[in-house]
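Undergrad: So you can see what is in the structure, the chains are spelled out below.
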Amino acid sequence: MIEYLKRHPEKVIGPLTEHIWLVLVTLVISLAIASFLTVLAMRSEKVSDLLNNIFSLVYSVPSLALFALLIPITGLGRTSAVIVLTLYNQYLLLRNFTTGLREADPVACEAAKGIGMTDMQILTRIRIPLARKAIFAGIRLAIVSTVGIATIAASINAGGLGILLFEGLRTMNIPKILWGSVLSAGMAVLLNAVLKMVEEKM
Amino acid sequence: MPIIQYDNVCKKFDNSGRLAVDHVSAQIEKGEFITILGSSGCGKTTLLKLTNRLYDPDEGKVLVDGENIANVDPVALRRRLGYVIQQVGLFPHMTIRDNITVIPQLMKWDKKRMDERADELLTLVGLAPSEYRDRYPHQLSGGQQQRVGLARALVLDPEILLMDEPFGAIDAITRLNLQNEFMKIQEGLGKTILFVTHDINEAFKLGSRVMVMNEGKLLQFDTPAEIVKNPADSFVRSLIEAARSQEEFWENVR
Numbered sequence: 381m382i383e384y385l386k387r388h389p390e391k392v393i394g395p396l397t398e399h400i401w402l403v404l405v406t407l408v409i410s411l412a413i414a415s416f417l418t419v420l421a422m423r424s425e426k427v428s429d430l431l432n433n434i435f436s437l438v439y440s441v442p443s444l445a446l447f448a449l450l451i452p453i454t455g456l457g458r459t460s461a462v463i464v465l466t467l468y469n470q471y472l473l474l475r476n477f478t479t480g481l482r483e484a485d486p487v488a489c490e491a492a493k494g495i496g497m498t499d500m501q502i503l504t505r506i507r508i509p510l511a512r513k514a515i516f517a518g519i520r521l522a523i524v525s526t527v528g529i530a531t532i533a534a535s536i537n538a539g540g541l542g543i544l545l546f547e548g549l550r551t552m553n554i555p556k557i558l559w560g561s562v563l564s565a566g567m568a569v570l571l572n573a574v575l576k577m578v579e580e581k582m
Numbered sequence: 130m131p132i133i134q135y136d137n138v139c140k141k142f143d144n145s146g147r148l149a150v151d152h153v154s155a156q157i158e159k160g161e162f163i164t165i166l167g168s169s170g171c172g173k174t175t176l177l178k179l180t181n182r183l184y185d186p187d188e189g190k191v192l193v194d195g196e197n198i199a200n201v202d203p204v205a206l207r208r209r210l211g212y213v214i215q216q217v218g219l220f221p222h223m224t225i226r227d228n229i230t231v232i233p234q235l236m237k238w239d240k241k242r243m244d245e246r247a248d249e250l251l252t253l254v255g256l257a258p259s260e261y262r263d264r265y266p267h268q269l270s271g272g273q274q275q276r277v278g279l280a281r282a283l284v285l286d287p288e289i290l291l292m293d294e295p296f297g298a299i300d301a302i303t304r305l306n307l308q309n310e311f312m313k314i315q316e317g318l319g320k321t322i323l324f325v326t327h328d329i330n331e332a333f334k335l336g337s338r339v340m341v342m343n344e345g346k347l348l349q350f351d352t353p354a355e356i357v358k359n360p361a362d363s364f365v366r367s368l369i370e371a372a373r374s375q376e377e378f379w380e381n382v383r
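The listed protein sequences derive, respectively, from chains Z and G. Per this note's numbering, the first sequence runs over residues 381 to 582. Per this note's numbering, the second sequence runs over residues 130 to 383.
Here chain Z stands alone, though its shape is the one from the complex (with noise of 0.2 Å):
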């Protein structure tokens, strides 16, 4: 394995900067959008339930089927890649964002309704801070769900450590199934284990 990475480090580099690449792309558009829909979802119990039941469908079909079927639309590549994974993350985002907000200290939230706060000051000065540990958590399974799903994303020429797995799956090499393997795991078990210590400090 190391022989294989000394022989050939631009094989092994090349898809793991890929692949941190497409995870951190795919954080930073779904983040921006769970956010928006949550500010959304908190104005209403409807759009709430709307929001959730319909990424809890997507999060539902099988990624190899969506990527499949966002080809026809936005073709092989990084784009449909970034579009799937981004799905995903809906559901995970805004399911953790809303019962955490919704479910942060009543009483408090009445109080501040009470003292003269606007419903969006309540969300920014109590909600949001109250709430911080389930937004952690929702955030943290977002990065390792996408790091897992990102690897299948080679299927539809997306790159990233997926390459080296279909690559020495298909040539039986077992270094290249070998790094594959233990980068993308290790990637998400090493991500897992640390964000789960900031998010017991918060």
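Derived from the structure by calculation, the hints contain no laboratory data. Wrong hints could be hidden among the right ones.
Residues from chain Z that keep clear of chain G, each with C-beta distances beyond 12 Å, as calculated [claimed, not checked]:
1) Arg-387
2) Ser-415
3) Phe-416
4) Pro-452
5) Ala-484
6) Pro-486
7) Ile-495
8) Gly-496
9) Thr-498
10) Gln-501
11) Phe-516
12) Arg-520
13) Gly-548
14) Asn-572
15) Glu-580
Capping the alpha-carbon separation at 20 Å, the derived lysine to aspartate or glutamate pairs in EDC-like fashion look like this [said to hold, decoys possible]:
16) Z/Lys-426 to G/Asp-143
17) G/Lys-346 to G/Asp-202
18) G/Lys-237 to Z/Asp-485
19) G/Lys-178 to Z/Glu-398
Predicted, not measured: the structure shown is a model, and the values here were computed from it. Yeah, the Cβ is synthetic: ideal placement off N, Cα and C, and Gly gets one too.
Using the hints provided, position chain G relative to the given structure of chain Z.
TA: Here is chain G on its own, set in the frame of chain Z:
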């Protein structure tokens, strides 16, 4: 001109067959200490919440300072009326000082003014500022938390204070102390106070006038002495008799 006026106010909740507040009319003059007495579900809290637009009436109107509050922005109205609730509802992630000055922060007061105001109010409610201002709510006892709740309600110096069973969750001895101290504070401040309670002793001790409510209706609105002398109906009479029989128990034990 009355500072608060209820004009045939009705409120109905969707899940209930009867009116939570049933054609209530009353006038409150500036500086009065009004207690609203009744058992749970009698509509006393609903009436209080109709005063700062946490609820809006289905019928009738509420006037504050002669103005129909239906035409006043609820957030602006609530900042004119101090509000204290039984469970206090301090913000657990903020220090005591930030809890008191949270609305001034939103109104962009300068820091020095806010710090001074927080210290002034902590002193008023009997908590040493240097000891308490940087603590968090969970580091305070229930009674101390309610003192902070009162300080928070007073921060913008409102003319009117709405208090929903503020001492309801506090042990008997602390409650007695808080009642006495609060009466003293009130003498200095001269606010108009609406104070909801289910405790007849508290209502008659604190109130210059008492509203007795049952099943959404305002049965009697008068001074404690007048209510005891001339109860308006059988419900008010039974309320007084219940309080008397309790007193007899203590007399007999002695």
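Undergrad: Where does the structure disagree with the numbered hints, that is, which hint numbers, in rising order?
TA: Hints 5, 6, 7, 8, 9, 10, 17, 18 and 19 contradicted; others consistent.
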